[in-house]
Every structure is written in C-alpha cells, then in structure tokens.
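S.K.: Residues per chain, in single letters:
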Amino acid sequence: MTTLPLASQKTARIRFTLNGEEVDAWFAPYKTLLEVLREDLLHTGTKHGCELGECGACAVLLDGKPVLSCLVLALECAGRRVLTVEGLSADGTLHPLQDAFADLGAAQCGYCTPGILVTAKALLDRNPHPDRDQIREALSGNLCRCTGYLQIFEAVEAAIVKISEREKETH
Amino acid sequence: MSEQNEKSGPPAASSGSPGERFRVIGVPRRRVDGRAKVTGQTRFADDICLPRMAHCKLLRSPHPHARIRRMDVSRAMAHPGVYLVLTGKDLPVQYGILPVSQDEQALCLDHVRHVGDPVAAVVAREELTAFEALDLVDVDYEILPTISGPREALATPEPRLHEYGEQGNIHKLVALEFGDVEQGFAEADEIFEDTFFYQGNTHLPIEQHASVAIKDPDGKLTIWSSTQTPHYLHRALAKVLELPPAHIRVVATPNGGGFGGKSDPFHHEIVVAKAALLLDRPVKICLTREEVFYCHRGRHPVLMKFKTGVKKDGTITGLHLRTLIDGGAYGSYGVASTYYAGALQTTTYHIPRYRYEGCRTFTNKPPCGPKRGHGTPQPRFGQEVQLDKIAERLHVDPADLRLRIVQAPNTVTANFLRLGTVNLGECIRRVVEVSEWKSKFRKLPEGRGVGIACSAYLTGAGLPIYWNKMPHSGVQLKFDRGGGVSVFCGATEIGQGSDDVLAGIVAEVLGIDPFDVRLFTGDTDLGPVDLGSYSSRVTLMAGNAALQAAERGKALLAEAVALKLQVPKERLRFAGGRVCDSAAPDQGVSFADAICLAEARFGTIGTVGSYTPPKSPALYKGGGVGPSPTYSYSAAVVEVEVHPRTGWVQVRKVWIAHDVGRALNPTLARGQVEGSVYMGLGEALMEEQEFRRLPKRLSHALVHKFPSMLEYKSPTPLDMPEVVTELIEDPDPRGPFGAKEVGQGPLLPVMPAVANAVYDAVGVRIDEVPITPEKVMKALAEKRAGREPRFGPDHFPPVNWPEALRVPPPWEGGDGNAVNDVQRERPRAREEKVLAP
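As you go down the protein sequences, you meet chains G and H in turn.
For the first sequence, counting from 1, position 68 maps to 68 in the numbering used here; every step adds exactly one.
For the second sequence, counting from 1, position 91 maps to 91 in the numbering used here; every step adds exactly one.
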C-alpha cells in the first residue's frame, strides 16, 4: 500500500469567504492561496506564471487589496475575504472592466487577464477616476506579453466611463 | 503547381472589391472567445484536473555538458507515493521538429548538452512527492568541456555535441549567390562594411508549458498541451511512442502566449504521454518558470557582417551578408533559421545581386529556435542600421533613401521570392507624415532623436516542415438546423485570434453573427489538419480554407432557397441572419430555415475547404525557406530620449504603419501591431538570454545567468510608450478578404529604428542589441575620446564556407535553379527542400 506522505496530508482546515460565499477548505498546510484556489477548490480562473511573485498573473484581492496569491500561505486567509476573477461578474452580468477588456482587445491570450482585472478593480474601488499614469502604476506589477498594455489601459479607462454613467443613472 | 491552385479553389472569390461593404470583416468587434478570457474560463492546459490524476516532474542536468556514466532510480522508485520513474531507456527513439534534425530524446540516454537537459521523469500521486523524489535519482556524470559560443564552437571541433551536422560542432553551413556580387561591388560608388551583433532572447510567455495525458477508455492516447503545433506534436508522438497516429489525439489547449516558444515537440509532452499509457491514469506536468527558460527555442544570437555596394543615389548594386549563429544544444528549427537569416533581405528593397553565407553552430546552451520573426529580426536590424549609415554618408534623408529603393509589387526577387502587394512606400510616407519626421530628424535638441526603419515578413511559410503535397490547412463546416454553424479546424489559438479569424470569415460569407459560430479547433481528432500557429500562416491559410468551405455551404443553401423563393440564386443576399432576394428584401427566409431547406433537398449539410500555397519559383536547394503566398510590410519611426549621464534610453513615442492587406478585425490587428512593438522594444533595450561561466575554482561550467522573470528584464506597464498605429489596407487577392499577416512583421522595424534614433539623439552607433545603458555609456566615452563613436563587434571570424550555390537572378535569365549544384541528384535533396517554419 502506498501511504500518503505527511507533507501531502490535508491537515489544514480553514473557512474563508471566496467571491462572496463562505467556503470550507481542507488542504496540505504548505500550500499557497494560489494552490488551494486552483487545486483544492478548483477555481482555476486565477493563473500562475512564475510562482515566485514576479509576474502578477496570480493576483487576487484579499480583503479588497491586491495580493500575489503565490506568495500568500492559504493558512493566513482564515476568516478573510478573497475575490478572484470568478467573482467579478454579478447576477450573470459581466463587470464593466470585463466587458471593456473583451470589447477592446485588452485580452489576447487571456492568461494574465484575471490578475490584471482584479488589480484594476482594486484600483477603481479606491480611486474611481484614476488617470493614465495611476493606471500604469497600479498595473506595474502585472506582466503581459501579448498586448503591449495600451489596449489594457484603454479598456480600464472605458470601464471608468461606463461605471460613472451607470452610477449617474442610479442616482 | 498550378493544379494545386485549382484544387484549392478560388481563394479570392470573396476577397472583396474596394468600396464593398462588409458586416463583420473590417468592423472592430469583441473577439468570439473574449468572454471566456475575461471570466477566467478559457481552459489552459494546467487548468485541466482529472480524477486519479498523477503528477510528473523532470530531473534536469545541472551540467552544461556531460556523459551519463550511470543512473540509479531505485531510491526514487521506493519513495512513498511514487508511481513511476522513466529514463532515456524507456523512450529511446529520437525526434525533432525538422526531418533533417532528429536529434532530441525525450530523456537523455547518455549525453547531456545543456543545463536543463532532462534525464529522468518521476510520476507520483502528489506534485510535491514527485519533486522530492527527483533528489533520489542518482546520476553519475562525467563532465565534458563546454562550448559557450560560436567562436568556441568553430575552434573546438571535439568533443562533438552531435554526431551529425557539417563538421565538428558546425550544425549547418549555407552559401548561396544570386548574381555576381563582386561585379555589383565593382559598379558601386560606395562600399559599406559593417558588423553587428544581435543577442539572443526568449519568448517569456506568461503561461508555463503544461500537458495532461490520458489513456482513453478505448485504450488510445489523448494529450492536452500548450502547443502551437498540434499536428507536428501528433507526428512526433506517433514516432517516439511507436503508435499508429490514429490512436493518438492531440488537443492544443489555448496557449497562454506562444510567440514561437511552443512550436517544437517537447520532452515533457512525450514523457506524460508515455507515463499515462503505462499507468493507465491521467498524468499532468506543468513546467516551472526556470524550466521554461531551459526549453527556450528562442531568438538565436547572431553575429552579422554586411557588405553593401550603393550608387550615389542610394541604389543598391550588391549585398553580401554573412551570419554566425549560436544554435544552442539541438537542431530545433535551426536549419530553417539559418536560411531565414538570409532569405528575406531582398523583400524590402531592390537588390540586384546578393550573396548569403550562414553558419549555425552547436553550443552548450538551451536550443534556439523560432521566436516571433524567426531568423529575420537579426539581419533586418543590421540592414536597416546600415541603411541609416548609408543615408548619412550620401547626405540623403533615410526615409527618402528607402522610398527610392522599395520593391515593386508582384515582382520576383533575386533569390526567387514572389512578392504580392507591396505597400512599403505607403507605410514610409504614412509614418513620416504622422510622426512629423521632417521637422524632427537631425533637428531635435541634443539627447533627443528619431529613427526610422522598415521590414517585411511572410504571410505563412510556403512549404510545410515535412515533404508532402497536401493542403496546409483544412476546414470542415457543419450546418445545424437551428441556424448554428460549427467550424472544425486544426488551427491553434495562441491569443492571436485564430478562432476569431475563422468565425469572422464564416459569419461574413453566410450573413450571420460571429457568435452564432461554434469553434472546434486545435484538435487532431475533430478537425482537419492545419499545420499550426507559426510563420504568420493562420489568417491567410486557415482563413482561405474557411472561406472556401463557407462559400460551398452558401452555394448549397442558395440553391435550395432560390427554389423555394423562385428567384435566381445569384440574386440572393445572405445578411443579418437571413437569406433574401436582394431585389425584394422582404422576400426571404431565416438562415435556419435556409439550412432546413438545403437539408431537405441535399441531405445533411456539411462542407470542406482547404488551402495549398502556390508553388514557389525558388527551385534551388534551400529555396524552400522564404517563399510565402504574400508578404506584409511595416515602417516605424521611434523617438527616444537618451540620458547623457546614465546612458538610459527612454522611448517617448512610436509611430508604426503596417501593410496588412485588410484588417479582418481591426481591434485585434491593432493589438498584434502594438504587441509586436512592445516585444520589439524589449528586444531593443533590455531582453537577453545571457549565460555566464562559473568561476574556475568551481566547475567553470556555463550556466544560465538568470532563469527568472525578475532578472530577465521585460517591459512593464511603466515602460510602454505611446504607440500610433496606422493600418495600411490594400487588399491582397491572395488573402481571405485581402488579409495579410500582422502578428510578426511589425516587430521587425522596431529594434533598428531605436538604434537609429539613439544615433540621432546622441551621435553614437550601437551596432548591437539590446541597447543597454552600459553600451551607450561606452560609446559616449569613445565619442568624447575622439574615437569612433560606436559600440559593437568589429570582427567576423573566418569560417570555412563551402562553394556557394550559384543561382542567376531572374533578370539574368535564371530559372530558379542553381547552375553548379553537384549534389542535385542526391536522394536527400527532396527532403531538404522542405524546411519552412
């Protein structure tokens, strides 16, 4: 019989809020938030490009702030709020950032896109009207090899306009 | 091959006349796979997670060059949780992307040739267990001397890295002459001789390569993999696993960036396939970022010498180009790369006499291969920087000089490449205008400058990688009674939008919404062969195949609807999800009803289309590399600011015009141009795949300087300047709706335009990329000391070139054959013609 090595045993158990739902996660205690999201909770929307904190592909929001999930131990997340790309749309409607990214060529291969989308959302949550330089700065830790970034900046700017218009309508 | 043209049908049937209005083509719109990408639902290879799935890790050589004396896997095998350990003995069959370079093994049997060469594979229940067990594989290496670069390779014939190749550690020598170049130099008013060096760099896709293999319930093999070339992987798997191809299914998952780096069949793909078959359970591997650097297949480092003769008015009388190419440890696409380094020099400007000599050497570094622009950015850099020097000496504006010598459309070049539409002149005029070049060049304050450069690129390799007369791309369409159309095609989505090309073309022809089209692509079981996403071939080749299939389907529907409406079928219009009488638009049926009518009349409706490129007039040996149905053209102006105290080069703005034929989806076309500019700026200023020797007191071995994304510098959002993109649209009858390529060509002018701008800014020539601050500072110091204000190589080492194959150019009565090819009758000749990625 092959025994399960201790390191791989799912001895850690935490609860946290994932995209607005409480989840109960069992996992091997060495695992990063990235690994638990992808491997134990099968939320594969969050990607990885280095697992060393270099590329930004694995960004998620932890209590509303962007973090690199490859550098966060899952055990640190008990009781906290995690938002991934899967939680961006609501009631079957895409977030304005998602619409703008899809419409304006901001996602080519789409691999860096989830990390960039949540990072941009965090920016707009704290600063609803950033200028181009503030957008550049906020996304400076997210590498994209396809687009040359310009259509990403434009999509964020288009989403800002759309969100403003929507808020005006509701007021 | 005119019969092949006929077989392919009339690709130009719907290429559209000027002024014709399209509803899908040419309209900026959301790509069909856009929603999946922004919701994180695009399923990349590593996102696949299957029940009972085991995990694989590769043990890689820590030595750049060694013999394996002995290997013992018993301790790893005994490790709890380990299912299987594989070594070279389990996968002895050699493979490689090119028929002439079958020099790789899935796991090295007895010889490792670079740091990262895999020697064993461990498969375990958990990824961590597999990783731990790598340490338990005992390998006894006998260290061999290492070769760090081409000069050492020339000087060190023994020990050989491979038992094949030209001689010693020379992999490939090419010598071709099109007309008497010495005569060309004799007719010149000025001769220019310059040496350039282009450092190697790598693709750096954000997605690490990953693969999952399973033994199907019926005992066959399925592999999902981040590959750009599922068809070639299919062939390699069949060869190495010694299985009938019909028992292998390759599914290319959408690639998280490719850029050429996922175009070879890879060790890890073969290993997980073998393991899944042995274990009868799914096996996954995902490479670490460090391993991606070891897979490489990136830009070859190339030393170049250009000798160019010109008349006083700038007319080129002859060009002699020599290249010395650092191939790394394996063949990969290298034979093709060696030819490519000389093939496209003639496509931009008229060169009446041309001699090319290329030498690719083996070195103890990860193998180089095709990166965006494959083989051509390096010589284009040299050629375009040298033109800048020529223009200065002749006192001609460099934009005007280029306008004088641009190639004419529909010509055959000295090396027998048949050009299609050529709008290079318009590209130059456009960037000169929008950049306000005339008010900037040599007129900006010290420290600021502008540079211009041009380029051309293939719209698909004219020949396949292995010899065959079959189509390069095939499409099947299935028409559903509900009004949907399914597209089946081997084309591979690597982010460039190949799915959108197929959907857009089919939707335009049939008058439906692209979102009514369902796509089944990159799957060797489901769709007909498409050779893969390389050489900028998909839009033209898969696009023409889709166009033909859609036209054939439309003809069936039109016949049935015409009967129903009692109108001539020529009068029917397919638009807005309806088929109606163009003379009486309210007379019509829905598209779904049109399918039902056709199905009632003809039976189940399905059509096929295929595309085969026209035959090339280049009949000489080596003429298989370079031909393409047509070529794209680009011109770029770059404005820089150079800091005199630090040598830092800040790119302020880029203006680029690209002759795309027609932009099928302008949003995506612009994205390809800007992405190319971005990648070009990375190559120009910072990206380098560098190696260093460990200190003598250690092993003195050659190791990768920085196999990490942090240390391999690439441009971030903070580095990207504003880019003005001008798409020049002059539909080329060879492309679907007139489209030419846009994915690779726009990268090519960027690097020389940056170098030329640096010269305009501070008066120093950096004849080498990347143009780092250190190099700028050294050149500025030379300038201050009154020496030649330049940084770059000054010497091209002697190479024992073979006698050149002499091919008289068309204007000297040549027929495309060499006049002195004594090996012409050799049986290998036919195979060697087919080297064309």
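Hints in this document: simulated from the structure, not taken from any laboratory.
Among these hints, one or two may not hold up.
[What the hints assert, rightly or not] For lysine-lysine, the following DSBU-like pairs were computed, each having C-alpha atoms within a straight-line distance of at most 35 angstroms:
1) H:K653 - G:K65
2) H:K312 - H:K783
3) H:K778 - H:K440
4) H:K469 - H:K705
5) H:K615 - H:K705
6) H:K215 - G:K10
7) H:K311 - H:K215
8) H:K653 - G:K162
9) G:K65 - H:K307
10) H:K783 - H:K653
11) H:K89 - H:K696
12) G:K10 - H:K220
13) H:K653 - H:K438
14) H:K443 - H:K312
15) H:K713 - H:K778
Just so we're clear, the structure is a prediction, and the values are computed from it rather than from any experiment.
S.K.: Out of the numbered hints, which ones does the structure contradict?
M.R.: 4, 5, 7, 9
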